[in-house]
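Student: Chain by chain, the residues:
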Amino acid sequence: MAVGAAAGKRLRRQHNEGSGKLAAVLVSPTMAVLGLVVMYPIIAAFYTSLFQSGERVNAQGFVVQGDDFVGLENYSAMFAGEAADRFFNSLFNTTFFTVTTVLLETVIGVAMALVMHRAFKARGLVRASILVPWAIPTAVSALLWKWIFQPDGVANALLQQQVLWTTEGWQAKVAVIVADVWKTAPFVGLLVLAGLQTIPNEVYEAAKVDGAKSWTQLFRITLPLAKPALLVAVLFRLLDALRMFDLPYVLIGPRKESVEVLAMLAQDEAIETRYGPAAAYSIVLFIYVAVIAFLFVKLLGADVLGATRSQRKKGPKRRKQPRTITNGEAAA
Amino acid sequence: MLARGGALVLALALLAACGNGGSETEKPKNEFTGRGPITFATGKDTSGNRQKQIDQWNKEHPKEKVRIIELPESADQQRQQMVKNAQTKSDAYTVLNLDVVWTAEFAANRWVDPLPENKVDTKGFLQPTIDSATYFNQLYGVPLNSDGGLLYYRKDLLDKAGVSEPPETWADMEAACEKVQKLPQGKDVGCYAGQFEKYEGLTVNFSEAVHSAGGEIVDDKGKVNVDTPEAKKGLDFLVNGVKQGTFPKASVTYMEEESRRAFQSGKLVFMRNWPYVYGLASTEGSSKVKNKFDIAPLPGQDGPGVSSLGGHNVAVSSFAKNKATALDFIEYITAEETQREDLLATSQAPTRASLYEDEELTKKYAYLPTLKESIETAKPRPQAVKYGDVSTAMQEAAYGAMNGEKTSDEALSELETELEELVKK
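Chains as they are written, first to last, in my numbering: chain A, 1 to 332; chain B, 1001 to 1425.
For the record, the hints were derived by calculation from the structure and aren't laboratory data.
Check before you lean on any hint, since a few could be wrong.
So the derived label-pair ranges between C-beta atoms look like this [as the list claims (entries may be wrong)]:
| no. | chain 1 | residue 1 | chain 2 | residue 2 | range |
| --- | --- | --- | --- | --- | --- |
| 1 | B | G1245 | A | V174 | 20 to 28 Å |
| 2 | B | A1075 | A | V33 | 32 to 40 Å |
| 3 | B | K1052 | A | G66 | 42 to 50 Å |
Glycine is no exception: its CB is placed at the ideal position from the N, C-alpha and C atoms.
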């Protein structure tokens, strides 16, 4: 028996080793494709960012062709050189838009989800219609808002004064925030709604029995239980907002300091065929987004995984809880 | 004019010439050989007239057919596509329809071929349009159409206010406005607007203001010379216009269409715009100023103003095949008869002087003599290899000053430094 068991173990190990190799073989095409479509462009972009194209003009008026290797000069110009003011301004704008829009969208999105979660007539219609802003392409909705914010547009007619929304200044920032929140709060709402629907009804019944007010229910039950979905929604929005480009570009216009974001700098350089600096801006934006995403997942996202795991573990216990209460009730 | 354009770029180059290799000095080859099908890369053909002309050519030249490649509508995107095509040395585009301000960039990068003088007849074209296609005394394109700024004004309101002649100077214009605004019909009417949003249109309007005040941006020798009292007078015209309310507040958001709409809905006494507005404002159903407006040359500081030159030239891509056919096609597409059809179908400003005196045409387009004057006295925007950056710097200066972020002096001295830097490279 013992011999048999040992043989079985060995067999199993062999089997495991074999399947590990097999797995590696099976997975390798996927890894190769991933390397090709994910890693290669990033490495190529980084490589490009180390060059500047030759832009001298000779005595006959011709451009002297060729790329010069400049090392990290494109980066140092960004952080300390002549482009520094513009870079830090757009870095601030990017961060400012991200913080304000994501905050507003989270609050409004949760509110929308709570409304949509309730049972009422024509709920399907409301849910579908709330998605309309999200379905419109950003550039199109930017044009739409441009029309609303033009000097003789709807916004000014409502406010009864002539605010020049699309010129430089705080009003341009406000316009971008309003348009962005309008567009993406429904997205947050929908993701949160999906989270809300996983909360079992018994929990609320139990809370009602315990005499919890609706505010207590919201903060003690709904939000904590919908948190995983909410965090995913916020993470998505965060990444999206950091890469924001088309909305301020179309709504306010290029090269407007008040709303210039990092992605616009890269595009601006690329238009002028300066691919080195353009790539450098893209790399910096990529790193910025990656760092924020990493921090978010580390600080809050790890919690997401932990919460779901502990939920699964605690699952049976929780399910027991209402039962005990019912038992208690019955006993009473 | 021709010498001036060349001198400017020459000076730019001399500033930058230090350390260039000897390999770049060989003369460019002027071989226009090969016959067969070619392509014509151009902006959107909205009227369908271009296609009609190409069909005509194709019927006459069945072995050398031309295919239109329609590029995006926005000028920036057109340029980007052409640049990409050139950078990959692709032969997909044969004949390029270039905006006049791209000439230096495309020529300096050898993306377009210099045209052989013995095979291209430049006689009969308006001189500034030929200058706009010239780089370092070498012709790189043939003018296809031109464009100049015009002053649109409300003749009905001026008549009522007792102003019989359109204004020649800015002071005249402001005086006329004051009179009009005292009328009961003129109470809510703004005085003047151009294209003051932060884009290429502002570069055009800023150049016009500076030139119309006797200033310059780049001088005859190609040296930047914009930090002068004359240039300041020009910029101050724009700055004070916004500050004192001579220009409506909303005008800093105007591009061509916004200003046209404002004028058409009767909100402006004077407007600077291109000739294309004439047809729309006199026929479109929504126009409230139909038969109530007229046009004049742009006003200036002490007399008539100076327009910025717009328009397009056709050039041959360096990487194309069948260049002999391309030359013939260019001759066809810029011929007097073709331009005449163009003008009738699309009201595009022609580049051939004779068409401006044609009786049938002037009957249909009463603005032609004024437009000719505008084009003949027009000054080009700075001809620079890095035109995009030059234009951005000018927008930055004008927009900042007009929005009160900096004074005219600061804006101009900053612009001077920036342009010097740009011109050096």
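Student: So, for every hint listed, does it hold in this structure?
Tutor: Going down the list of hints, with the structure as the test:
1. B:G1245 with A:V174: 20 to 28 Å: Hint holds: Cβ distance 25 Å, inside 20 to 28 Å.
2. B:A1075 with A:V33: 32 to 40 Å: holds (39 Å)
3. B:K1052 with A:G66: 42 to 50 Å: Holds, at about 44 Å.
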